[in-house]
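J.: Given chain G, work out where chain D should sit, using these hints.
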Amino acid sequence: MALSKVKGYNILLTIGAKSIVGTTSDTLSGGGVLKESIQKSDAGQTQYTNTGFEGTMSVSSFVGNGTAASGELGVKELMIAARDNATGAFIYTMGSDSGDPKITGTCTYTSITVNSNSEDYADCTIELSITSLPTFTTV
Amino acid sequence: MILEALNSAISGVCNTYPMVGDIEATMPFAVYNVMQNVLRDKSGIVGYQYDVSISVVDPDIDTCMTKSSGIKVAIDALEDTTVQDTTFDIVHFISEAQRYDAVAFNYINDMEFSITTQNI
Numbered sequence: 031m032a033l034s035k036v037k038g039y040n041i042l043l044t045i046g047a048k049s050i051v052g053t054t055s056d057t058l059s060g061g062g063v064l065k066e067s068i069q070k071s072d073a074g075q076t077q078y079t080n081t082g083f084e085g086t087m088s089v090s091s092f093v094g095n096g097t098a099a100s101g102e103l104g105v106k107e108l109m110i111a112a113r114d115n116a117t118g119a120f121i122y123t124m125g126s127d128s129g130d131p132k133i134t135g136t137c138t139y140t141s142i143t144v145n146s147n148s149e150d151y152a153d154c155t156i157e158l159s160i161t162s163l164p165t166f167t168t169v
Numbered sequence: 008m009i010l011e012a013l014n015s016a017i018s019g020v021c022n023t024y025p026m027v028g029d030i031e032a033t034m035p036f037a038v039y040n041v042m043q044n045v046l047r048d049k050s051g052i053v054g055y056q057y058d059v060s061i062s063v064v065d066p067d068i069d070t071c072m073t074k075s076s077g078i079k080v081a082i083d084a085l086e087d088t089t090v091q092d093t094t095f096d097i098v099h100f101i102s103e104a105q106r107y108d109a110v111a112f113n114y115i116n117d118m119e120f121s122i123t124t125q126n127i
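Going down the list, the protein sequences come from chains G and D.
Here the working numbering is used: the first sequence runs in plain steps of one and ends on residue 169.
Here the working numbering is used: the second sequence runs in plain steps of one and ends on residue 127.
It cannot be assumed that every hint is accurate.
[Claimed, not checked] The list that follows gives simulated cross-link-like pairs (lysine to any residue, SDA-like), each with its CA atoms no further than 25 Å apart:
1) Lys79/D <-> Asp69/D
2) Lys48/G <-> Glu149/G
3) Lys106/G <-> Val53/D
4) Lys37/G <-> Asn44/D
5) Lys106/G <-> Arg47/D
6) Lys132/G <-> Val144/G
7) Lys37/G <-> Val53/D
8) Lys132/G <-> Asn44/D
9) Lys37/G <-> Gln56/D
10) Lys48/G <-> Ser50/D
11) Lys79/D <-> Ser50/D
By construction, these hints were calculated from the structure, which means they are not laboratory data.
So here's chain D without its partners, still in its complex pose:
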């Protein structure tokens, strides 16, 4: 499963959690979310394209960006590998944007990736 593979890759850099529900986590941490698109030819499913969002959270902007860089390297390294039974074909970093949560006093770096896999 791609979620397990992503979790495995990101957890090597910092604490990570799927983006479901409230999270009480030790900072810095990352949350990730994936949206699956199915690739088909007329014979059936030939792969999956995922829009992957990863947000890194920390009160210190430098730490936030350093962890983000580490995650980018870890995600890029998934290309042409099989992790947790998911075979990664194409991995692309799309964009990132920083913001500040004035309520929680945290910096957040939102990153977007496009990932194409041969299986789920």
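If we strip away everything but chain G, and leave its shape as in the complex, we get:
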């Protein structure tokens, strides 16, 4: 199968089946947690064992007033979710075609930062922690 580069705007995140309205960019990062150990029988070779997964997601979006449409999360809903450290099932798709990668799991809102200056539209950054072992499947 020939590989084709993924357009950034085709990578979509939903949390609780809702997208964050006005999203301009998002980041997903994470990896396994390594536990290091060594005992005499290892003959001086440090051993590494995967003991789980740690990951975070970060979303940047415009701030919009008004009522978010169904299927969307507005800044009000995001601030409430961050305040309560709400948890939701997330789906992170890297395309909409059959066979495109899809990551699913559970995440928790950890914080929201609203940025505003005197010259531009206000924007905000939402930080989330991945709190379950993610599943990697396809669309």
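T.: Just chain D, lined up with the frame of chain G:
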């Protein structure tokens, strides 16, 4: 179109022309130029940010600055209005600088604005 809206606003103060090609104009006059930047979210285009340059030309520095002040007021007044089908969200005066054209014997006041609109 923002060019039509700018032309409409500035022409209330003095003669104005888009900055294209040679201009033979009655002084005082203003020339304007815009550079468009597109604002996008993942769903598509959500607005436009323009770097707007306006230069006011006149052999008399006082007239040049008076017309410039009038243009600043006219451009600032575009915020939160719709002119020539362009809806203006944010209008900011950024800077201005004066210079003298020793060849044409004219004073020129160069002004910079940042304008954000919802549409073209």
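J.: For each hint, tell me whether it holds in the structure or not.
T.: Results of checking the hints against the structure:
1. Lys79/D <-> Asp69/D: 15 Å, holds
2. Lys48/G <-> Glu149/G: Roughly 30 Å between the alpha carbons, so the hint for lysine 48/G and glutamate 149/G is violated.
3. Lys106/G <-> Val53/D: 20 Å, holds
4. Lys37/G <-> Asn44/D: 20 Å, holds
5. Lys106/G <-> Arg47/D: Cα-Cα ~21 Å, so holds.
6. Lys132/G <-> Val144/G: Distance of about 29 Å is beyond 25 Å: violated.
7. Lys37/G <-> Val53/D: Distance of about 18 Å is within 25 Å: holds.
8. Lys132/G <-> Asn44/D: Answer violated: lysine 132/G to asparagine 44/D is near 33 Å, above 25 Å.
9. Lys37/G <-> Gln56/D: Given that 25 Å is the threshold and the Cα spacing comes to 23 Å, the pair holds.
10. Lys48/G <-> Ser50/D: Between lysine 48/G and serine 50/D the Cα gap is close to 14 Å, so the pair holds against 25 Å.
11. Lys79/D <-> Ser50/D: Distance ~34 Å between lysine 79/D and serine 50/D Cα, so the pair is violated.
Comparing the model with each earlier hint shows violations of hints 2, 6, 8 and 11; every other hint is respected.
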